[in-house]
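Q: Protein sequence lines correspond, in order, to chains A and B. Residue numbers for the first sequence follow this note's numbering, beginning at 60 and rising by one. Residue numbers for the second sequence follow this note's numbering, beginning at 125 and rising by one.
If you are wondering where the hints come from, they were derived from the structure by calculation, not from laboratory data. Be careful, since some hints might not be right.
Claimed, not checked - Pairs of lysine to aspartate or glutamate residues, derived as EDC-like cross-links and limited to a Cα-Cα distance of at most 20 Å, are as follows:
no.: 1; chain 1: A; residue 1: Lys145; chain 2: A; residue 2: Glu109
no.: 2; chain 1: A; residue 1: Lys154; chain 2: B; residue 2: Asp207
no.: 3; chain 1: A; residue 1: Lys154; chain 2: A; residue 2: Glu349
no.: 4; chain 1: A; residue 1: Lys154; chain 2: A; residue 2: Asp389
no.: 5; chain 1: A; residue 1: Lys154; chain 2: A; residue 2: Asp399
no.: 6; chain 1: A; residue 1: Lys145; chain 2: B; residue 2: Glu148
no.: 7; chain 1: A; residue 1: Lys154; chain 2: B; residue 2: Glu210
no.: 8; chain 1: A; residue 1: Lys145; chain 2: A; residue 2: Glu126
no.: 9; chain 1: A; residue 1: Lys154; chain 2: A; residue 2: Glu334
What the hints assert, rightly or not - Residues from chain B that face chain A, not an exhaustive set, calculated with beta carbons under 8 Å:
no.: 10; residue: Ser129
no.: 11; residue: Arg130
no.: 12; residue: Ser140
no.: 13; residue: Val144
no.: 14; residue: Gly154
no.: 15; residue: Leu156
no.: 16; residue: Ala201
no.: 17; residue: Pro206
no.: 18; residue: Asp207
no.: 19; residue: Gln211
No residue lacks a Cβ here, since even glycine has one placed at the ideal position from N, Cα and C.
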Amino acid sequence: MTDLTSFSAAELAGLVARGESSAVEVTQAHLDRISAVDDRVHAFLHVDTEGALAAARDVDSRRAAGEPLGPLAGVPVAVKDVLTTKGVPTTAGSKILADWRPPYDSTIVRRLRAADTVMLGKTNMDEFAMGSSTEYSAFGPTHNPWDLSRIPGGSGGGSSAALAAYETPLSIGSDTGGSIRQPGAVTGTVGVKPTYGGTSRYGLIAFSSSLDTPGPCARTVLDAALLHEAIGGHDPLDSTSIPAPVPDVVAAARLGASGDLTGVRLGVVREFAGEGAEPGVLAAFRAAVETLTKLGAEVVEVSCPHFRYALPAYYLIAPSECSSNLARFDGVRFGLRVGDDGVRSLEEVMSATREAGFGPEVKRRVMLGTYALSSGYYDAYYGQAQKVRTLISRDFATAFDQVDALISPTTPFVAFPVGARTADPYQMYLADLFTIPSNLYGGPGISVPCGLADGLPVGLQVMAPTMADDRMYRVAAALESAVGPFTPPAL
Amino acid sequence: MAAISREEVAHLARLSRLAVTEEELATLAGQLDVILQAVAQVGEVTAADIPPTSHSVPLTNVLRDDVVASCLTPQEALSGAPDAAEQRFRVPRILDEDVAS
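Please build the complete structure, drawing on both the sequences and the hints.
A: Laid out in structure tokens, this is it:
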């Protein structure tokens with residue numbers, strides 16, 4: 060019998076729907092895989108064995124009773140530990156929430172349950188989604204299944220590594236500056252940042268509220284689209300949720316899989332196609348551009364002159380918002396409290412709690428944001444960054460007058476060795492050089508595997524206009540049909 | 125020239141309610157200096173007449189009908205609290221802080 064963990068989500072949904080496999084069998088196969096490999100990969104912070112099997116049994120009994128089930132019924136999914144799960148530990152990778160069990164489900168998780176998927180557990184991440192390697196997780200790093208001595212990207216390295224290690228066919232991430240796409244690229248999997256407002260932030264532990272976007276991760280473009288469709292769409296509980304239907308991403312992925320891109324105009328971002336990326340990444344990207352041309356796309360070069368300021372603008376805007384959002388971790392309403400000895404004041408307890416509960420990157424960003432927002436520096440830093448954000452959005456608008464979608468490498472470098480960039484925080488920030496512009500603009504982006512460099516995966520990023528997520532699915536599926544799949548060595 | 129002094133970093137830590145150690149302070153001062161010098165590049169852009177963007181979705185005043193709906197029970201709301209008493213979050217003393225500091 061073929062191992063059930065080798066199937067795509069679409070295939071597994073078909074097996075369960077036709078009764079060729081039960082949801083319990085599918086779930087147990089993935090739980091067994093987690094038991095076999097996760098001591099080496101460490102993609103999961105919490106495995107909800109009982110909850111998963113109960114959900115799977117429920118799917119099987121309802122199917123036996125002839126009840127209608129969702130299109131992903133019985134398919135396992137892993138959820139980044141930044142989304143609240145009722146009664147199931149939710150840490151955001153931080154010691155300050157180490158023992159927290161939320162009293163409510165995030166909208167994304169509620170929709171996953173409504174779609175009859177089976178939640179396997181919660182995945183590892185950089186603390187509060189701040190980082191590009193999962194090395195800033197308070198619970199130890201995740202390892203890249205392609206080479207266990209290397210990082211799986213971040214902040215959602217757990218969600219992407221779990222896919223590459225065949226521990227789950229689907230997972231959920233969140234992307235504030237590239238935290239879905241960059242891990243996707245370096246693990247040879249697919250990662251999607253939907254249009255901002257296209258997926259609900261309700262129950263997503265806030266890092267930078269104007270940028271945070273939950274989204275789907277999968278091993279195939281079609282699977283990502285199926286998951287996107289299940290979790291996306293308007294949510295009255297999120298006031299920044301866009302009141303419009305999810306673009307037809309599943310149809311776009313199926314159309315793209317035919318491998319025909321005739322009539323599609325793609326723009327290579329000139330500023331991201333030369334300097335700043337490793338030679339192996341650029342070589343794989345150029346080969347992918349040739350492939351896209353062969354598939355019928357018209358590829359032109361487009362200039363986005365302000366993209367070079369996206370990284371500095373982001374590292375003012377995101378820390379500013381984080382310094383405000385993380386004020387809620389005060390040792391009063393949830394999580395850790397340190398130093399409450401009956402003598403220390405509230406403020407002293409608060410400072411001791413935050414000092415003990417936050418790791419180094421979170422402290423850096425909280426302080427950086429506090430600085431950028433302080434009077435005297437506000438105009439030069441935060442205010443100026445917000446103006447640059449406007450100019451970056453205008454660059455996108457100008458580009459999308461000329462082309463249907465933009466392409467670039469997803470990240471400048473392949474998976475680097477654990478420990479290689481932690482000494483110099485700014486070197487870590489460069490991992491998000493190519494993904495940040497879409498977050499500032501709000502439009503969608505996808506990373507799809509496009510080749511290997513020195514045996515390690517390289518991702519191609521497709522960026523589309525706001526609420527035109529379907530366009531990037533079509534392009535990514537076409538490329539996938541021509542070059543994929545990329546399978547890591549056996550663990 | 126350094127963009128930020130050690131004294132400023134200590135002040136930021138206090139504003140951020142982080143009881144950082146002396147050793148951390150030294151490390152953070154150096155790292156924040158590197159980061160601030162890099163992000164200061166935004167100042168190269170001529171943007172005096174450009175409106176700021178705070179948010180990419182052009183939605184304002186999102187309202188809903190005022191209807192009664194289910195919500196967390198007091199027990200659920202307090203379930204993650206480090207300390208609770210009489211259906212309230214229990215906090216360390218807050219009076220006399222000015223005297224103490």
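Q: Against each hint, give a clear statement of whether it holds in the structure.
A: Going down the list of hints, with the structure as the test:
1. Lys145(A) to Glu109(A): Distance of about 14 Å is within 20 Å: holds.
2. Lys154(A) to Asp207(B): Given pair Lys154(A), Asp207(B) holds - Cα atoms ~18 Å apart, limit 20 Å.
3. Lys154(A) to Glu349(A): 47 Å, violated
4. Lys154(A) to Asp389(A): Answer holds: Lys154(A) to Asp389(A) is near 13 Å, not above 20 Å.
5. Lys154(A) to Asp399(A): 17 Å, holds
6. Lys145(A) to Glu148(B): With Cα atoms ~36 Å apart, Lys145(A) and Glu148(B) exceed 20 Å; violated.
7. Lys154(A) to Glu210(B): At roughly 27 Å apart (the allowed maximum being 20 Å), Glu210(B) and Lys154(A) break the hint.
8. Lys145(A) to Glu126(A): Roughly 25 Å separates the two Cα atoms, so the pair is violated.
9. Lys154(A) to Glu334(A): Status violated; Cα separation ~38 Å.
10. Ser129: Since chain A brings no Cβ nearer than about 12 Å to Ser129(B), farther than 8 Å, the hint is violated.
11. Arg130: 13 Å, violated
12. Ser140: For Ser140(B), the interface hint holds, since the closest Cβ of chain A sits about 5 Å away, which is under 8 Å.
13. Val144: 6 Å, holds
14. Gly154: Hint on Gly154(B): violated, closest Cβ of chain A at ~10 Å, above 8 Å.
15. Leu156: Hint holds; Leu156(B) Cβ to chain A Cβ min 6 Å, cut 8 Å.
16. Ala201: 7 Å, holds
17. Pro206: Interface hint status for Pro206(B): holds (4 Å vs cutoff 8 Å).
18. Asp207: 7 Å, holds
19. Gln211: 13 Å, violated
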